[in-house]
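Peer 1: Top to bottom, those sequences are chains L and H.
Residue 15 in the numbering used here sits at position 15 of the first sequence; the count goes up by one each step and never skips.
Residue 74 in the numbering used here sits at position 74 of the second sequence; the count goes up by one each step and never skips.
It cannot be assumed that every hint is accurate.
[Said to hold, decoys possible] In silico DSS-like links for lysine-lysine, alpha-carbon gap of 30 Å or less:
# : chain 1 : residue 1 : chain 2 : residue 2
1 : H       : Lys5      : L       : Lys260
2 : L       : Lys187    : H       : Lys93
3 : H       : Lys134    : H       : Lys93
4 : L       : Lys170    : L       : Lys141
5 : H       : Lys125    : L       : Lys275
6 : L       : Lys170    : H       : Lys134
No lab work stands behind these hints, which were simulated from the structure alone.
These numbers come from a predicted model, not from an experiment.
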Amino acid sequence: MKKKHLQRLDLIFKNEHDIEDILTKTFKKSNEELVNDLISSGLKGRGGAGFPTGLKWKLASEEESDSKYIICNADEGEPGTFKDREILSRVPHKVLTGMAVCARIIGAKKGFIYLRGEYVFLKPQLMEVIKEFHQLLDKLKLDFRVEIFLGSGAYICGEESALFESMEGKRGEPRNKPPFPTQHGYKSKPTVINNVETLAHTYSIFKYGADKFKDLGVQDSRGSKVFSVSGDTPIPGIYELEFGMSLQKFVEDFGDGDAKAVQVGGASGFCVPRKKFDKTVIGYQGKLRGTSLPTGGSMMIFNSSRSMYNVLHNYLDFFVEESCGQCTPCRVGTQQLLLGIEAVKKGEQPSSYLEKLMELAEAMRITAKCGLGQSVANSFSSIVENFKEEMIY
Amino acid sequence: MTEVKQLVQDLADQYGRNQESLLPILQGIVNREQHISEDAMIEVARELNISAAQVYGTATFYSFLNTKPLGKYVIRVCKTITCMMHGKNQIIKELETVLKVNLGETTHDGKFTLLETNCLGQCHKGPAMLINDKPYTELTPDKVREIIMMYRDKELRVN
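Sequences and hints are given; from them, build the entire structure.
Peer 2: Written as structure tokens, this is what we have:
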């Protein structure tokens, strides 16, 4: 019997170059129509947080200001994620098209692509594409320019307010929210900041219509998603799949037959053990129930030869280094979690100490200032709970 | 005028003299000098009319903005999970042998510095490393040796 595979989609990476037609078509519509199209498509932010894109654009368009900005967040730093690099190297014009439409809607004259320092090798080819794109904008009489801003190796700058700080020449330390970027973003001006993939999706929505996009996926998680698959898999790489698949199906397609756990959403995401594969669905809704997981697209597969202690140790190492150090729960918490699991492993602390550490992680979830510190508990608790014996012995 | 003063002035001419040009200017200094010296920071502060403490604060926050002298070629090996699973330790060992340095050190001729870094976004092609801006993926000890040889040859030809 032939195994039924997950449906692979080809929306984002489809080789299509009709930017001029699409921009001409969309510019004929009113801003309200365009925003409503986006809202009804159900597109949500593909960086992982899942804020409705149409609503974000609407909020920014309603702000009164002499200048506004649209920023494409290409500071892709989550371990196990590499989709944005692929999108920017293969279909950058789709991202730019999304930025231009957004600029028209909110009234921005300037846009930036915040490109992580590790991807600086993409810059020359991106500059070429931007140059051509500017010529097209001139022809269509849209007063809008895109610049590349380079990051310098700081994971935290993927957090939108830290990214603004970084662009303003400061340390990449997240701001308090509210106010949100749509009110006070870059240089305290109304700013739309979207993930690379989100912007590329708007291209498909403006081209094929909101309904076509909405047909894909499941309730509350519409459209397709680009997944970065790595770890113990014979076929690592980038795959565009529909939302709503079960992790069981995913592992059957991508695992090496011996998968014992999948880390969904990178170091800041959740670890799902084998026994929960069939109960876990990939999508936005119900993340607190633990049955449906949102993700920026990072899927790391671990087979039974891997020590989950080493995995967790590696993640904590990562967080200790990448914590910006601004708030105490995250700065001290990440270090104590790392010291804590080392102490349990060495037998310097009893196994019951793991409970204490989980309490600390939960305290970080409610007290840390930004998503980085809050989400350490995701991977920490899900790994410790499901692989307790590996933490101890 | 000292060389660093000239460099900072040129960069400020290119990127502007406001707060937003600080990061591009610091990146420009690293591209040229491999690190940002205290003199350079003071010069940047003067040029942008901000405090030297602020320049220092920003410069020391970002892992790619080095404030200590590094080699001409900075090798950053990814140490995050999937690269670790696919053998980054062997890669580092091989680099240590070939370059005759320990992790974190610079070769005596000042050509190479060996560092580790967090996720490079090449997880499907691990182990991976950057040499300055250029990524190298799907590394093996053999491949690493060839790459270093290539850089050494390039250096010989330059001299």
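Peer 1: Could you check the structure against the hints above and give me the numbers of any it violates, in ascending order?
Peer 2: 1, 2 and 4
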